[in-house]
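Note that numbering that gives the first Met the number 0 has the sequence shown beginning at 0, numbered continuously upward.
Keep in mind the hints are simulated off the structure, nothing from the lab.
Hints should not be assumed to be uniformly reliable.
As the list claims (entries may be wrong) - DEER-style ranges, computed between Cβ atoms: (1) 94 with 125: 41 to 51 Å; (2) 124 with 91: 42 to 52 Å; (3) 102 with 28: 14 to 24 Å; (4) 123 with 91: 41 to 51 Å.
Backbone N, C-alpha and C fix where the C-beta goes; we use that ideal spot for every residue, glycine too.
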Amino acid sequence: MTPNSDRFRRDYAWWVLAALLGLWTLWGPDLLRPLVDPRSQSYFTFGGLFIGGVALGFFKPDRPWRWAVASILLLPPADLAWLLRNPQLTALDAEHVMRHLAGQAPSYLVHALPVLVGAYLGAFLSAGSELY
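Kindly produce the complete structure, drawing on both the sequences and the hints.
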């Protein structure tokens, strides 16, 4: 077994955890809707992403940028599932789907930013190894 495959096997659960953290951006506002106003929903959502990024960076400090990448991995498939489930859309073609996903790409990056900043902060707090 090569060292890289062994490292991936150890980090597999952390990648899944980071991807589930990214799904918080989709479910968080719906869960908080009855409790708080829309502005506070975004504070709780991005605050949760930041705190999750800090935790991921603290416990796995090497290469913290990967947690930001992992946190947005499930967002395009979830968006695609929402698009296919939407009853208002009767006919979808590949061009429409790609246009929708391309329009959502900037929001994926915005959702990755709190995780990225939090992961680097967590890595710094844990006095982690390499921060690149």
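Violating hint indices (sorted, rising): none
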